Amino acid sequence: MNRLLSLAILAAALVVRPAAAQTRRTVFGVQLWPEAQAEVALDGSDYLLISARGQQNTDNNGYANPNRFLGFDQRRISVGYEHFLSEHWSIGGTLPYIGFGKTYVLLPEVLLRHRSPVGPLTFGQRLSLEHLFPGQTGAKGSTYARLRADLEKAFAVGSTVALRPRLSYEAATHLRAFSADDNPDAEERTIQFTSLRAEMGVRLSPAFDFTPWFAYQTQYSFGLAQTDALGNITIPGGRVNSVAPVLGLDLRYTFLNGKDAATRQQLPTQH
Numbered sequence: 036m037n038r039l040l041s042l043a044i045l046a047a048a049l050v051v052r053p054a055a056a057q058t059r060r061t062v063f064g065v066q067l068w069p070e071a072q073a074e075v076a077l078d079g080s081d082y083l084l085i086s087a088r089g090q091q092n093t094d095n096n097g098y099a100n101p102n103r104f105l106g107f108d109q110r111r112i113s114v115g116y117e118h119f120l121s122e123h124w125s126i127g128g129t130l131p132y133i134g135f136g137k138t139y140v141l142l143p144e145v146l147l148r149h150r151s152p153v154g155p156l157t158f159g160q161r162l163s164l165e166h167l168f169p170g171q172t173g174a175k176g177s178t179y180a181r182l183r184a185d186l187e188k189a190f191a192v193g194s195t196v197a198l199r200p201r202l203s204y205e206a207a208t209h210l211r212a213f214s215a216d217d218n219p220d221a222e223e224r225t226i227q228f229t230s231l232r233a234e235m236g237v238r239l240s241p242a243f244d245f246t247p248w249f250a251y252q253t254q255y256s257f258g259l260a261q262t263d264a265l266g267n268i269t270i271p272g273g274r275v276n277s278v279a280p281v282l283g284l285d286l287r288y289t290f291l292n293g294k295d296a297a298t299r300q301q302l303p304t305q306h
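Remember, the working numbering sits 35 above the position in the sequence shown when you count from 1.
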C-alpha cells in the first residue's frame with residue numbers, strides 16, 4: 036500500500052504537465068556538485084551526519100564572478116540525525132546552511148523514511164517537510180513538501196569492494212497553507228521541482244565509500260512575457276521548464292565507534 040501511494044503521487048507529478056506548445060523549455064549548462072560527508076555511527080543504525088557541498092554552474096565559467104568562493108557559486112553545510120524506529124521505518128531531520136552571493140538561507144527539514152525489499156531490490160520512500168528561512172532582509176520564507184522514491188541493490192565484488200547501483204525520483208511542491216505571507220494571487224505550478232538521479236555507490240572499506248552520480252533536474256514556473264523596444268510581445272508569458280543536468284561526487288567517511296559495519300543499515304549517500 037505504501038509503495039502504491041508513493042508511485043501514484045510521483046506518477047501524478049509526471050502526468051500533470053501542459054502540452055509542449057504551451058511550455059517554454061530552457062536548458063542550462065552542467066552543474067558540478069562535489070560533497071564530503073562524515074557519518075558517525077550511533078546505537079542501532081542511527082547516525083549523525085555532517086556534510087559540506089559545493090555547487091559550480093559551468094555556465095558561469097570564463098567570467099570574473101565576484102560572488103564565487105573557493106570556485107563555487109553556492110556552498111552548503113548541513114548537519115543531520117536519523118533514528119531507526121524499526122528495520123523498515125526511520126525519522127530524522129537536517130539543518131542546511133546554504134550560502135550564495137552575499138546572502139544565505141537556512142532550510143531545516145523533518146523527514147519520514149520507509150524501506151522494504153521488492154524481490155532482489157530495496158525500495159525506499161522518503162517524505163519530508165522543509166521551511167526556507169531567507170537571510171536577505173525583507174525576504175519571505177516558504178514551506179515545501181518533498182517525496183522521493185528509489186530502487187537500489189547492493190552486492191559484493193570480491194572480498195572487500197561492494198557496489199550499490201541506485202535510481203531515484205523526487206518531486207517537490209510549495210505548501211501555501213504554511214506560508215501565510217505569500218501572495219495568494221500569484222500563479223504557481225502544482226509541482227515546482229523534480230529530479231531523476233542515477234548513481235553508483237562504491238564501498239572500498241567499512242569506513243569509506245564514494246558515489247558518482249548524474250541527475251536531470253527541472254524547475255517548473257511561470258515566466259513573464261518578453262517585449263521588444265516598441266512594446267511588441269516577442270515571447271509570450273506562460274509555463275517555463277528550466278532544466279539543469281548535474282554531475283556529482285559524494286565522498287563519505289564513517290566513524291564506526293566500535294559498531295559492526297556488517298550489521299548496520301547504512302543509507303546511500305543521498306540520505
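Simulated from the structure, these hints should not be mistaken for laboratory data.
Some hints could be false.
The calculated SDA-like cross-link candidates involving lysine to any residue, where the alpha carbons are at most 20 Å apart (straight line), are [as the list claims (entries may be wrong)]:
#1 K175 with S256
#2 K175 with F107
#3 K175 with H209
Remember, it's a predicted structure, so these values are computed and weren't measured experimentally.
Check your understanding: Any hints this thing doesn't respect? Which numbers, in order?
Key -> 2
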